[in-house]
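Colleague: As you go down the protein sequences, you meet chains A and B in turn. All residue numbers for the first sequence refer to the numbering used here, where the first residue is 2 and numbers rise by one. All residue numbers for the second sequence refer to the numbering used here, where the first residue is 2 and numbers rise by one.
Don't take each hint at face value.
[Stated by the list, open to error] Derived DEER-like restraints, expressed as beta-carbon distance ranges:
#: 1; chain 1: B; residue 1: Asp146; chain 2: A; residue 2: Asp143; range: 24 to 32 Å
#: 2; chain 1: B; residue 1: Asn36; chain 2: A; residue 2: Arg154; range: 54 to 62 Å
#: 3; chain 1: B; residue 1: Glu147; chain 2: A; residue 2: Pro28; range: 15 to 23 Å
#: 4; chain 1: B; residue 1: Glu43; chain 2: A; residue 2: Lys10; range: 50 to 58 Å
#: 5; chain 1: B; residue 1: Lys19; chain 2: A; residue 2: Met2; range: 51 to 59 Å
#: 6; chain 1: B; residue 1: Glu42; chain 2: A; residue 2: Asp146; range: 31 to 39 Å
[To be verified] Some chain B residues judged to face chain A by a derived CB distance under 10 Å, without partners named:
#: 7; residue: Arg52
#: 8; residue: Ile62
#: 9; residue: Gly137
#: 10; residue: Ala142
#: 11; residue: Glu153
The hints are simulated quantities; they were obtained by calculation from the structure and are not laboratory data. All C-beta atoms, glycine included, are put in the ideal place defined by N, C-alpha and C.
So you can see what is in the structure, the chains are spelled out below.
There are 2 protein chains.
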Amino acid sequence: MRIAELSHKSGIPVPTIKFYLRERLLPPGQLTSPNQATYGEEHLRRLRFIRVMVDVAHLPIATIRGVLKELDQPVVDLHHVLGSALSTTLAPRGAAPEETRRRVADLIARRGWCVKPDSPAAQALAEVLAAFTDLGVGDLADRLDEFAAAAERVAAMDLAAVGRRRTPEDVAYAAVIGTIVGDRFHLALRRLAHENASAAMFAVRAATFACGKEAPT
Amino acid sequence: MRIAELSHKSGIPVPTIKFYLRERLLPPGQLTSPNQATYGEEHLRRLRFIRVMVDVAHLPIATIRGVLKELDQPVVDLHHVLGSALSTTLAPRGAAPEETRRRVADLIARRGWCVKPDSPAAQALAEVLAAFTDLGVGDLADRLDEFAAAAERVAAMDLAAVGRRRTPEDVAYAAVIGTIVGDRFHLALRRLAHENASAAMFAVRAATFACGKEAPT
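Go ahead and model the full structure; you've got the sequences and the hints to work with.
Modeller: The structure is reproduced here in structure tokens:
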């Protein structure tokens with residue numbers, strides 16, 4: 002298809018597609034004349050992927066380029082590909098204090114989690130625990146093990162859905178989406194659940210809300 | 002205390018503190034001479050709060066100003082304050098298709114959730130479900146009700162911890178931190194749980210990882 006049709010089918014304006022081509026997020030089309038190219042279904046699929054990474058996951062272009070590059074390799078080590086995807090959107094800022102880092106290491110040992118000791122997620126968790134303490138709300142993480150158990154259950158469901166794919170490439174593709182877009186999925190669910198719990202606990206105007214059939218009256 | 006001591010105690014450089022003063026994130030100190038002011042414990046507390054919102058939650062200055070403004074009001078309606086905090090970091094981009102919006106409305110009804118029909122979280126969830134479908138991985142959300150139930154349990158624990166405070170102002174403060182920094186808390190836990198689940202499912206080099214005592218050998 003021509004670029005105009007690619008634009009029509011993907012809903013992405015032609016200048017934006019040209020930008021993605023220049024930025025090498027999208028491979029070039031097949032030249033049919035010196036200044037005309039045709040594009041295939043894989044271009045359309047990739048454009049949809051880029052659009053979601055920009056619009057829904059809010060990732061910067063450089064990060065998306067890195068993710069695509071990883072997905073373009075033949076997959077020889079799925080755990081490695083997933084590790085890269087997992088790290089993409091969780092860069093810790095600084096070093097957390099020794100005490101909180103030990104608290105995270107203890108948690109990992111208690112849960113029997115098989116994770117790299119220098120995992121960005123472990124660092125990010127230590128950073129968050131330190132922030133809670135600094136702000137005088139350290140008790141928010143008092144039930145750390147229960148929160149960790151909840152995360153385990155969700156991760157098991159996530160991985161089961163991803164693992165149903167036939168080829169390692171399809172698993173990697175689904176895992177990247179499940180990780181990056183999945184963040185927003187779980188965040189939105191948690192926000193809704195919070196809003197509901199807050200209504201039950203604090204609302205003075207609950208009557209103005211739309212409640213489901215099982216809500217207390 | 003003088004600004005130099007405030008800087009020392011908070012670990013924030015003097016020019017950055019002056020920037021926060023100019024941006025009205027920090028109220029002015031008490032003038033002791035035409036060009037000298039003193040600052041109190043509430044300035045220190047607020048600086049720590051700003052630093053976490055910048056460094057850990059990565060919020061832009063304008064958003065932090067909005068959150069602080071909300072927290073500075075006397076709290077008459079906790080549910081409203083929490084609602085503002087909940088919406089802060091989850092602005093949906095566009096309108097999701099009617100079909101996914103209906104799917105979210107059905108979920109809310111099934112769970113009996115007491116939430117506003119135009120809730121940003123409901124819109125964000127519809128957007129994510131549409132993105133999964135567009136990308137050909139709609140099955141990632143197949144167990145929507147189980148994911149929702151997991152979010153409910155986490156939200157109940159979150160709210161219980163927040164609700165232990167004595168004054169509505171303290172509840173609001175803890176709830177804002179629990180919501181905004183809590184996002185990163187749960188994200189980090191989920192990432193660790195994913196890394197562990199992926200190691201069990203896909204790793205070809207698991208021996209190079211540090212595993213807890215309960216991990217399979």
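Colleague: Compare the structure with each hint and give your call.
Modeller: For each hint, the structure was consulted:
For B:Asp146 and A:Asp143, the Cβ-Cβ distance of about 28 Å falls inside the hinted range of 24 to 32 Å, so the restraint holds. For B:Asn36 and A:Arg154, the Cβ-Cβ distance of about 59 Å falls inside the hinted range of 54 to 62 Å, so the restraint holds. Between B:Glu147 and A:Pro28 the C-beta distance comes to about 38 Å, which lies outside the given range of 15 to 23 Å. Take B:Glu43 and A:Lys10: their Cβ atoms lie about 57 Å apart, and the range 50 to 58 Å holds.
Restraint check, B:Lys19 to A:Met2: a C-beta distance of roughly 56 Å satisfies the suggested window 51 to 59 Å. Taken as a hint, the range 31 to 39 Å holds for the pair B:Glu42 and A:Asp146, whose Cβ atoms sit roughly 34 Å apart. A least Cβ separation of about 8 Å between B:Arg52 and chain A falls short of the 10 Å threshold, and the interface hint therefore holds. Interface restraint check for B:Ile62: the shortest CB-CB distance to chain A comes to about 17 Å, outside 10 Å, so the restraint is violated.
For the restraint placing B:Gly137 at the interface with chain A, the shortest Cβ-Cβ distance is roughly 8 Å, inside the 10 Å limit, so the hint holds. At its closest, the beta carbon of B:Ala142 sits 7 Å from a beta carbon of chain A; the interface hint therefore holds under the 10 Å criterion. Hint status for B:Glu153 relative to chain A: holds, with the closest Cβ pair at about 5 Å, below 10 Å.
Hint compliance for this structure: hints 3, 8 are broken, all remaining hints hold.
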